[in-house]
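A.B. asks: Using this note's numbering, you'd call the opening residue of the sequence shown number 48 and step up by one each time.
Treat the hints as calculated values from the structure; they're not laboratory data.
Careful, some of the hints might be misleading.
What the hints assert, rightly or not - Straight-line Cα separation of at most 20 angstroms, DMTMM-like style, residue types lysine to aspartate or glutamate; simulated pairs: (1) Lys138 - Glu162; (2) Lys170 - Glu203; (3) Lys171 - Asp119.
Here the structure is a predicted model, which means the values were calculated and not measured.
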Amino acid sequence: WLTFAQSAKGLAFIVITSIGLALIVRHSHLRRMRSDDKAASHELQTLGLFARHPQPMWVFDSGSLAFLAVNDTAVERYGYSVGEFLAMTLKDINPAEDAARVDQLTSIPITGPRELGRVRHVKKSGEVIFARVSMHPVQYAGRTATMAMAIDVTSEVLAANAVQRKEAQYRELHQSLGEVLWLAE
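Given the sequences, and given the hints that come with them, work out the whole structure.
C.D. replies: In structure tokens:
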């Protein structure tokens, strides 16, 4: 009787442990599935925010500067199709005379959010615009990449240039008036 009781006790312990282990594994699996679904949902929301963002944005490879993704606003404002963007590099949307500056700005590794300041970009139509660009590093398709956002500041630059021209004209006029008054005296 004692041997039978010990065997039954051992068998009951094994069965209870197995059931407990199975429940823990099932719970862990369900939790992981929910976590994967949540991550996929978050990624879809993030991609949706990127695709429909009201400012031109793109993701480019940090080494080759090749475009990896562009949003709808970049396609609309710059005039290039998604396929054309993906066949280009960051240097292709900058004027040729700015190549040295682009090399200088992209040679510094981006470890966190960074403002590049004002740069010039070329649209497909050939129009040169001024943009204030900010960038930050991201992981995209398993590689280190950089996400950039460009805010068109062309109208601000043109207005500032117009103000500078008017100020120069005013200074010229002011100097001329001084000479005229001196001559009149």
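A.B. asks: Of the numbered hints stated previously, which ones are contradicted by the structure, given in increasing order?
C.D. replies: Of the numbered hints, all hold.
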